[in-house]
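Following the hints, put chain B in place on chain A, whose structure we already have.
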Amino acid sequence: MVWTTREPEVGSEITPVTKTAKNTALGMGIHDDARARTLGFKGALVPGITSLAYVIEMLMNLFGDNWMTSGEISLSFVNPLYEGERVTARAIVRQKRAEDKGLRLFLEVWAENDEGVKVAAGTASGLLPQIAAR
Amino acid sequence: MEGLDPQQQLRLAQRLYAGLQVGQEIGPLETVFTEKDVRDYAASIDDENPWYLERPLSGQEVAHPAMTAAFYVLLCQEAWAKVLGDAAESLVAIHAKAEHHYANPVPIGKRLIVQGKVAEKYIRRDRYYIVMELWTVDEDGRDIVRTMDTLLLSPVRISEKAD
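Chains A and B supply the protein sequences, listed in that same order.
Heads up: take any position in the first sequence, counting from 1, add 74, and you land on my numbering.
Heads up: take any position in the second sequence, counting from 1, add 127, and you land on my numbering.
No wet-lab data here; the hints were simulated from the structure.
One should not assume that every hint holds.
[To be verified] Listed next, the in silico DSS-like pairs over lysine-lysine satisfying Cα-Cα at most 27 Å (straight line):
| no. | chain 1 | residue 1 | chain 2 | residue 2 |
| --- | --- | --- | --- | --- |
| 1 | B | Lys244 | B | Lys224 |
| 2 | B | Lys224 | A | Lys116 |
| 3 | B | Lys209 | A | Lys96 |
| 4 | B | Lys209 | B | Lys163 |
| 5 | A | Lys96 | B | Lys288 |
| 6 | B | Lys209 | B | Lys248 |
| 7 | A | Lys116 | A | Lys96 |
| 8 | B | Lys209 | A | Lys93 |
| 9 | B | Lys163 | B | Lys248 |
| 10 | B | Lys288 | B | Lys248 |
| 11 | B | Lys244 | A | Lys116 |
| 12 | A | Lys116 | A | Lys93 |
| 13 | A | Lys93 | A | Lys192 |
| 14 | B | Lys288 | B | Lys209 |
| 15 | B | Lys244 | B | Lys163 |
| 16 | B | Lys224 | A | Lys170 |
| 17 | B | Lys237 | A | Lys93 |
| 18 | A | Lys192 | B | Lys224 |
| 19 | A | Lys175 | A | Lys192 |
| 20 | A | Lys170 | A | Lys96 |
| 21 | A | Lys116 | A | Lys192 |
| 22 | B | Lys248 | A | Lys192 |
[Stated by the list, open to error] Residues on chain A that point at chain B, a partial pick, calculated with CB under 8 Å:
| no. | residue |
| --- | --- |
| 23 | Ala127 |
| 24 | Ile130 |
| 25 | Ile147 |
| 26 | Ser150 |
[To be verified] Output of the computed footprint for chain A on chain B, the stretches with three or more beta carbons under 8 Å from beta carbons of chain A:
| no. | segment |
| --- | --- |
| 27 | 191-200 |
| 28 | 252-265 |
For each residue, glycine too, the CB sits at the ideal point set by N, CA and C.
Looking at chain A on its own, in the form it has when it is part of the complex (with noise of 0.2 Å):
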C-alpha cells in the first residue's frame, strides 16, 4: 500500500462545511423559544449535537469510512447557535502522526456563524484513508 490520497500539510485548512442552522429539538428544554428567552438568551438554541454533526460531516468528507471506527472528537459548545444562523465548520491539521493502521491526523476544529464567532471548538484526530496505488 502507499498512499494516494492527497495528504494536508500542517497547518493547511481543511474543506469546510456551511449550513444554516437548524433547530433540531424544538420545545424541548433550552431548544425552546420561551424558556430560552426566560433564561436570558435571544431565543431557542440550536443543540450542541447539531453543531457536532456538521463538524462531523467535514470530517467524513476528509476521512471518509475511517471517521467511523477510527474518529475521535472533543467538541465544547462555547456560545448560542441560534436557527437560521448560518455556520461554518472548519478545520486546521495541527500534527501527524504514522500509526499502524495508517496516517493519523490531528486537527483543530471549530464551528463559526457569519460574524466570526466561534461557536463550538476543540480537537478531533482520524486516520486517512489508505488507497491502493494502481
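Okay, now just chain B, sitting in the frame of chain A:
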C-alpha cells in the same frame, strides 16, 4: 411552552446536582435505527452525503455517527426523572461539551444498547456541571462509540439564588 423562572430553574439544578452521585449507573436503554430514522436525521442536519444507506460500508448499511448522540438525551432525561420526578421535564440543561470515540459504524436494523454512569460533577464559574460517561454497543456486543458528555445543569449562576 410554559417555562420556570430562573430561580426555579436554579433550584431544580441544585436538586439534581445533589441527587446524582458520581459512579451512579445510567440506563441501559435500547433502540433500533431504521432506514427512515437515518433519512429523517440526514434531512434534519441537511447532510446529503451518500455515506449513509446509499454507499454501505463493507456491505452493511450504516447510520450517521452522530445519531447516537440524540439518543443520549433520552438516557439523561430518564436519569434526571429518577431524581426530580415529573419536574425533570422542566429542567433547562445545556450541552457544554461532547467527546466521542468511534469504534465501529452505527448499524441500521440492529439493537443498540446504551448505558453509562455519572463520571464527574463539579461547580465551575458559579454553575453546576455533570459529566456523563456513556457507551454504546450493538446486539453482537461490538463497541460502537464511547462518549463523555458535559452538561451545564442551568445557565443561572448559583450566586444569583434569591433565598
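task = Could you check the structure against the hints above and give me the numbers of any it violates, in ascending order?
result = 3, 4, 5, 8, 9, 11, 15, 17, 19, 20 and 28
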